[in-house]
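Participant: Below are the chains, spelled out letter by letter.
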Amino acid sequence: MNKGFTRRDFLKVSASLPLLTLVDLAQAGDPTLRPGLPSRYRGTRATATPSLCEMCFWRCGILGKRQDGQLLAIEGNPDHPLNQGRLCARGLAGTQLLYDPDRLKYPLVRVGERGEGRWRRVSWDEALDRIAAGLRDTIDTHGPDSIAYFPHGKSAAYFKTLMQQLSASVYSSASFGQCRGPRDTGYKLTFGMPPGSPERTDFEFADAILLVGSHLGENVHTSHVRDFVQAVSRGAKLIVVDPRYSVAASKADLWLPIRPGTDIALLLGLMHCLIEENLYDHDFVQKNCEGFTELKQAVAHADPRWTAAITNLPSEQIVEAARVLGRARPKTVIHPGRFTAWYGTDTQRSRALAILTALLGAWGRRGGMFLPSPMKLGGLCCDTKQAGVTKKASFIPKRHPFSDEGYPYQDVLNATLSDEEQRIKLWFLYGTNVLHSMPSAQRTVEALKKLDFVFMVDILPTEPALYADVILPEATYLERYDTPINVASAKQPFIALRQPIVKAMYETRDPYWIAKQLAERLDVAGCFDCDTIADAIDRQFSEIGTSIAEVARTGFLHGEGKPYLGANRRPRFRTPSGRIELYSRQLAAAGLDPVPIYRQTRQAPEGYVRLLSGRSPYHTFTRTMNNAWLAEMAPTNPVWLNDRVAAAVALSDGDLVELENEDGIRVGPVPAKVTPGIRPDAVFLAHGWGQHSSALRVADGKGASANRLLSRFEEDPESGATGLRVNFIRLIRNNQALDIPSAQELGIPPEPETTELPRIEPAEPPRPSTAVSDETGPAGWEPPVIEEPDPLGLGLGLDLEGSDEGGLIVEEGC
Amino acid sequence: MLLETPQDSYRLLAALLARPTPTMVRLMRSDAELPGNGSWSSEYAGDDLLLEALSEEHTRLFVNGFPQLSASPFAATYLDPDRPEQAISRIAERLHAMSLAPTGESLSQRLDHVQSLLAFAAELDPSDRRAFVEEFLASWLPRYKDKLEEAANLPLYPGLLGAAEDLIAATVSGADQ
Numbered sequence: 001m002n003k004g005f006t007r008r009d010f011l012k013v014s015a016s017l018p019l020l021t022l023v024d025l026a027q028a029g030d031p032t033l034r035p036g037l038p039s040r041y042r043g044t045r046a047t048a049t050p051s052l053c054e055m056c057f058w059r060c061g062i063l064g065k066r067q068d069g070q071l072l073a074i075e076g077n078p079d080h081p082l083n084q085g086r087l088c089a090r091g092l093a094g095t096q097l098l099y100d101p102d103r104l105k106y107p108l109v110r111v112g113e114r115g116e117g118r119w120r121r122v123s124w125d126e127a128l129d130r131i132a133a134g135l136r137d138t139i140d141t142h143g144p145d146s147i148a149y150f151p152h153g154k155s156a157a158y159f160k161t162l163m164q165q166l167s168a169s170v171y172s173s174a175s176f177g178q179c180r181g182p183r184d185t186g187y188k189l190t191f192g193m194p195p196g197s198p199e200r201t202d203f204e205f206a207d208a209i210l211l212v213g214s215h216l217g218e219n220v221h222t223s224h225v226r227d228f229v230q231a232v233s234r235g236a237k238l239i240v241v242d243p244r245y246s247v248a249a250s251k252a253d254l255w256l257p258i259r260p261g262t263d264i265a266l267l268l269g270l271m272h273c274l275i276e277e278n279l280y281d282h283d284f285v286q287k288n289c290e291g292f293t294e295l296k297q298a299v300a301h302a303d304p305r306w307t308a309a310i311t312n313l314p315s316e317q318i319v320e321a322a323r324v325l326g327r328a329r330p331k332t333v334i335h336p337g338r339f340t341a342w343y344g345t346d347t348q349r350s351r352a353l354a355i356l357t358a359l360l361g362a363w364g365r366r367g368g369m370f371l372p373s374p375m376k377l378g379g380l381c382c383d384t385k386q387a388g389v390t391k392k393a394s395f396i397p398k399r400h401p402f403s404d405e406g407y408p409y410q411d412v413l414n415a416t417l418s419d420e421e422q423r424i425k426l427w428f429l430y431g432t433n434v435l436h437s438m439p440s441a442q443r444t445v446e447a448l449k450k451l452d453f454v455f456m457v458d459i460l461p462t463e464p465a466l467y468a469d470v471i472l473p474e475a476t477y478l479e480r481y482d483t484p485i486n487v488a489s490a491k492q493p494f495i496a497l498r499q500p501i502v503k504a505m506y507e508t509r510d511p512y513w514i515a516k517q518l519a520e521r522l523d524v525a526g527c528f529d530c531d532t533i534a535d536a537i538d539r540q541f542s543e544i545g546t547s548i549a550e551v552a553r554t555g556f557l558h559g560e561g562k563p564y565l566g567a568n569r570r571p572r573f574r575t576p577s578g579r580i581e582l583y584s585r586q587l588a589a590a591g592l593d594p595v596p597i598y599r600q601t602r603q604a605p606e607g608y609v610r611l612l613s614g615r616s617p618y619h620t621f622t623r624t625m626n627n628a629w630l631a632e633m634a635p636t637n638p639v640w641l642n643d644r645v646a647a648a649v650a651l652s653d654g655d656l657v658e659l660e661n662e663d664g665i666r667v668g669p670v671p672a673k674v675t676p677g678i679r680p681d682a683v684f685l686a687h688g689w690g691q692h693s694s695a696l697r698v699a700d701g702k703g704a705s706a707n708r709l710l711s712r713f714e715e716d717p718e719s720g721a722t723g724l725r726v727n728f729i730r731l732i733r734n735n736q737a738l739d740i741p742s743a744q745e746l747g748i749p750p751e752p753e754t755t756e757l758p759r760i761e762p763a764e765p766p767r768p769s770t771a772v773s774d775e776t777g778p779a780g781w782e783p784p785v786i787e788e789p790d791p792l793g794l795g796l797g798l799d800l801e802g803s804d805e806g807g808l809i810v811e812e813g814c
Numbered sequence: 815m816l817l818e819t820p821q822d823s824y825r826l827l828a829a830l831l832a833r834p835t836p837t838m839v840r841l842m843r844s845d846a847e848l849p850g851n852g853s854w855s856s857e858y859a860g861d862d863l864l865l866e867a868l869s870e871e872h873t874r875l876f877v878n879g880f881p882q883l884s885a886s887p888f889a890a891t892y893l894d895p896d897r898p899e900q901a902i903s904r905i906a907e908r909l910h911a912m913s914l915a916p917t918g919e920s921l922s923q924r925l926d927h928v929q930s931l932l933a934f935a936a937e938l939d940p941s942d943r944r945a946f947v948e949e950f951l952a953s954w955l956p957r958y959k960d961k962l963e964e965a966a967n968l969p970l971y972p973g974l975l976g977a978a979e980d981l982i983a984a985t986v987s988g989a990d991q
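In order, the protein sequences belong to chains A and B.
Numbering-wise (our numbering), the first sequence opens with residue 1 and increments by one.
Numbering-wise (our numbering), the second sequence opens with residue 815 and increments by one.
Just chain B, with the same shape it has in the complex (with noise of 0.2 Å):
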């Protein structure tokens, strides 16, 4: 099953992530188990109503966020609060280390995105990914998920960093192998 190998689930994660679509809002309608998806979610009536929901919620989390964004999905606020370019740069300098260069969309993220973040472990060997994991996703993403868990007002985005944690916790731990 495609889904299976650790690369595939950081992948799946990260997409999940970003920006609501349609294809989202199919997924959360299907049978599928989503991690934060439930019963709340049949509440819109309406495709349209559910993603117009998600995407204010995904907006105000991950994007710009009023009346807070006090769970910022950037590493370099946990990590490096003072200097956020010494710790973007070190993910960059560690990737290259990997002989992995940042491109394309990803150079228009911040690199220490929590969705960038997850996108690059799934492009990296296993045990790259597990150093580069443990650096920099394991070493802070409980800290936000839990700041997450407070901020968010529908289920599905604590959902999905729950099940980010497990698997960074699985990569850490070689259990994913």
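Next up, chain A with everything else stripped away, as it sits in the complex (with noise of 0.2 Å):
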């Protein structure tokens, strides 16, 4: 820099300035203090706001502890229905969240090349203007459909009514097509609902709990592993599905460490046995399912032998987990899981995962998994379709009938670079790292650079804000409202309310102004005829006779629970069929296999071995990585390597080594963690780490990045979610590629070639449908989709990420 100023003595300077100007700048803004009053005793000023956390996306009941205006520490709500006081790392974290320095606190522009990161603070109203018309000239010129936008959480509801009044409808989110889509989807077409979130398993009852690939306790849902330890504790017989030893295989009676990709064929030989050993729960099939002749067909070719050839486990261990769960049932908890964009073939994992509940007659039943609750609440914003709101399709194709939540990100990807003229011009990012959540991340550099117009609201200068054209920076989960949570996922269902714990910082805004400041720019403000987010939720709970400040004293509201089937309840499904579907006549009119069917996953070159990926229990994807108490905690990422594998290639537990694909895209390096606890044909990476952006100090290039090497990915049919572990490394150190042994080499007998797939034929004609009649068959099909008018007056019109409570109508009486 130059350095050819001088110092001088400011109180002298400061006389040779002209006054008037002086006194314009010392009197600009508002006065900073107001006169208070001395404490006598630290601590007896701080006040306690309950809240709800958003640390990650189970949305705890907190407290926070305020004085002063300033917050000073967070704490679980003892009286919350959710956590009842318990709290984990990342929520007591929030304080780091809520002070750091690195937060967007003003609207930025982009001054520089995208990428650059340069920037220039703006008013909103030069950024509110600059985002209004850059929708309304891509708009204008090249029709609403050439919009994206990349929702997250809660508060992605006010952006989605603005996208609606737009008749925008292109949006592609995270948490459906790389993480629950398929489970959602398979649980729909099964059961006719998702399994809800919090997934509705009856852990306080069960008496056997199965879980694929699910690792609770790293996978850290508070309330959810407390559940989990007590029935582990009570002496529920755990069997956990895994290649890695993890938290939750530690404490397993039978752990099977399952040859990656082959989880149907595992689930195939479980219900083989079932039904072989007469198992499962005749009176509840029979009562509620539809296609059992089909299901025992394709499962018939499943016994032990070929299940452990396929799964590289042992038959014996195979038939005991089948007894366990059969002689627990129905008490038995089939967990569904919530990342589940595996193989390609997800969806029909977790219908198998769904057959195999209904199987045990644990589907509404006690240790199960329960039924859900709903509340009614008001509706959110106003009802788009009475606004005059129309749908307009895209022209991008819909190609995947049975997923419900946006598109696809790899055709919206792919609609974005695109030569043709029709094409994705603008994309809107909420909350959205598309850098590290969304597979292809070379690829989306390019979308990034070649769109015509880029926005984004987030809380912290992600990698994409590199890119963005206009940056709008957000409050904080403890400086706003959001809509209230209607979690009907719960035994005694609730209504939770986030509210602000302290004043907005910076000139940080909530969603909901944001949303309502650009309608009206767009002249489509009629959908947020409410002043402020407040007056929304407030008229929210006056349709149910309660009001913001009443709920704001606790923070919740109770409702009453109906959780399991009863001899006067009977269960009609959101089905086709009105009945649990075993066999799917919707996916064989689809050309989809109407039962699970085993088919193999693509298998590591020579060299190269299998990437896993999942979670850290001190952080939530990328959302956390900048916080300094939680990087402190998990500063980094080893990569997990079978103790085998590391002594054929010489590498020590610690040792630094790199990753990299078969793309030849290499990130690291990071510590080996060398363990028999994870299979030799697999290696396992945390999420999250790996960002390179100085704008994040804490972050910046903290150990590596699992996303990157997810270059590849295998699409899931029904329900286009991406498949992410179809991606294999080799290991690098000192610039060479490791010879890393194959799994035959060190033992493992290679899988037997499945080339001759079962084909099913349904077995008899469908029964009369008792279904609701706008669901008549595959033809016309389509499931629930969360904007219709809402029968039971959930209020989840809106709700992008809640919509699943009201796919089951129980009806009262015989």
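Because the hints were derived from the structure by calculation, they are not lab data.
Some hints could be false.
Calculated lysine to aspartate or glutamate pairs in the EDC-like style (CA-CA distance at most 20 Å, straight line) [said to hold, decoys possible]:
1) K702(A) - D896(B)
2) K65(A) - D896(B)
3) K503(A) - E899(B)
4) K65(A) - E937(B)
5) K503(A) - E919(B)
6) K503(A) - E907(B)
7) K65(A) - E899(B)
Got two chains here, separate frames each, mind docking them using the hints?
Facilitator: So this is what it looks like as structure tokens:
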């Protein structure tokens, strides 16, 4: 820099400045202080405000301790129905997000080239005007379907309303396409409803639990983990299927370190045993299920010997697992999992888990999966249909008939990188780090550079910010209201409120305000008729006879739970047949497997090993990586490597190693975690590390990005989700690739080729449907769409993430 | 003269460290001997260009830095890096003990931002100011100023920080009275 200036005595220099200008400057802004009262005792002035955490999506109840307008600490709310006072490390570290010096503080406009990271602070008016102009120009020139947006979290509902009013229908959610999409699709196809969030697992009364790749304890969902631990402590039998000796596996009665990619074969094998040994719930199946004959036919070949050869598990353990589950029926939790986008056969694997649940009679039963108990709540914003908003079909074809949450990311990416004139021209990123949550990061960078306009709303300057034309700073969860959560997925349902604990810092704003401001500039503000988000929430509460002020006192409302089926409760499922569909005619009509069939996944090329990825208990994706406390607890992500493989390549625990995938993308180095607790044909790397943005001083350059290595995927044909465990890596040390022995060289028999797949035909004509009239069959069938009027009055019409509770109609009486 | 009082000097410094405005550009174009100003600013032909350059520099140094916000403008970074909320709370507690409470825009800033601290210092009685400045500004500002000099592309903000350092030294020694 030019240091040619001279230091001067400021007091003297001040005298030479133009008086009026100085007075103007010195009086700029409002007074900073007001008289207060001195405290007698430190701490007595502290107040506690009940609210909801957002360090992950579990949304535990918190108490924010505040004094003099400053947040002192966050504690778990002991009265909250979900977590009852418990809070994880991330929840406790929320103060570090609030006071993160790297936070986005003011609206920013890009002043350099995309990727340079040169910004200028601007006023909200300027930023909003620019975005409104960008949206208007794009719509006028190319149409609303040339806009794509990427929502995340509860408050995305407001932006979804805005986009609906603009007739912009193209969106893609990482929480669906790269996470729970296959699970929700599989359960909807089977039960007519997804398994809920929180998952409706009745750990309290379970006698047996099956986890397939679901590592509770690392994926810390506080109440879920507590219930799980209590069940195991009480003596519930635990079976964990995972190539890795996870925290959950370490508590298991039976750990099945399965060959990666063969989970469906194992589930078919378990069903085979249950049927062969007559350990399934005849009565439940007869009363509630459709297609048992076809299912029996489909699993006939999956005897323990076949299953063992495919899965590389001992046949006696497969039989033992089936017997543990069958003998405990219906008090068996078959956990549906959460991150389920693995191999591109994932809806079918989720179907297999759902069908296994049904065979055990564990749906709506004590100790199995309990039923949702919806609570009424007023609607969010207005009904866009009533407001005259019509849905416009996008030029992107809908390729996945059973996916009802936006578009697969790969379709949006292709439509952006297309050379056609009709393509995506504008991206709106809301709380979504597309470079670390979506596959094909290199292509994503190309897309971000190619777009006409990019804007984002976020809390931290994540890597995509480098490519944004306008950046809007969002208030954190500690500084804003959010639309209430309506949790039907609890045995005692509840509605809970997020409310500000401290005043929003800097010039950050809540999403309702931002959406309303944009809507007004674009002349579509009809659905934002409340002045503030608090007014909008108050209106929601007023429709159930209470108010925001009333709920704010405790932070939640209880409802009445009806978690189980009973003698006088006859379930009617929102499937085409009105029953649980073990055999799915709608899948058959779409040319897809009507009953899960095992299909082999691609095997590792020579010198490579399969990459598995998952969660760390200290972090939530990339979102917490800049948190100073959490980074201290988990500063990097060691790569789990089998000890025999490590010995073969002369790697010791703690040695630094890089990872390179088949496309030559290299990340790291990270330390090797050498352990017998992972199969030799896989490595494990926790997700979220490896960001490279020096605007994030804590996160920058820490660890290795698992996501960068996910340049390939297998598309799940039912949901469109991207199966990500189809990437293989090799280990690099001193710039040399290590000679990883093949699985066979380490004594693992190769998987037998499955050349002939069983062909399943419907064995009987469908029973008369008892389903609701608009879900009549495969030709015209659409999954229950969340935009539809909600007959139960759940207020879920605009909720991107909590849309699952209306899928079952329980008829009282008989 | 108004600005001969330490109160107005602190106020003025706080204002000069705020987001650049056309008034700031007018000041720089005037004859005023503003610390850090100099011939470099005349290289920007138009006021708009100078304002944009100042805005980018200010954003990079005091708002969101890229490629680096290596000169953190927050006191807690230097005083209590592991528990920033404790440092912030101590500032609030001290103000409260002096019968003052943050309000208005100050609550929207981190209380330990250099600009906030200078603004608070302006509002205190001389004896309170001395203790406050000693604890919450003098203890870290020289280190911060050195980092800022390294990070800055334009001379303005190092110049203003140099002036702040002098003012703080005068307050701590009692020379500003």
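Participant: Is K65(A) within 20 Å of D896(B), Cα to Cα?
Facilitator: Roughly 19 Å separates the two Cα atoms, so the pair holds.
Participant: Assess, step by step, whether the Cα of K65(A) is no farther than 20 Å from the Cα of E937(B), and give holds or violated.
Facilitator: violated, 27 Å
Participant: Is K702(A) close enough to D896(B), meaning Cα to Cα at most 20 Å?
Facilitator: Between K702(A) and D896(B) the Cα gap is close to 18 Å, so the pair holds against 20 Å.
Participant: Could you grab the alpha-carbon distance between K503(A) and E907(B) and see if it respects the 20 Å cut-off?
Facilitator: Holds, at about 17 Å.
Participant: Can the restraint linking K503(A) and E899(B) be considered satisfied, given a maximum Cα separation of 20 Å?
Facilitator: holds, 15 Å
Participant: Does E899(B) sit within 20 Å of K65(A), going by the straight-line distance between their CA atoms?
Facilitator: Holds: K65(A) and E899(B) sit about 12 Å apart, inside 20 Å.
Participant: Is K503(A) within 20 Å of E919(B), Cα to Cα?
Facilitator: Cα-Cα ~10 Å, so holds.
The structure fails to meet hint 4 from the earlier list, while all remaining hints are met.
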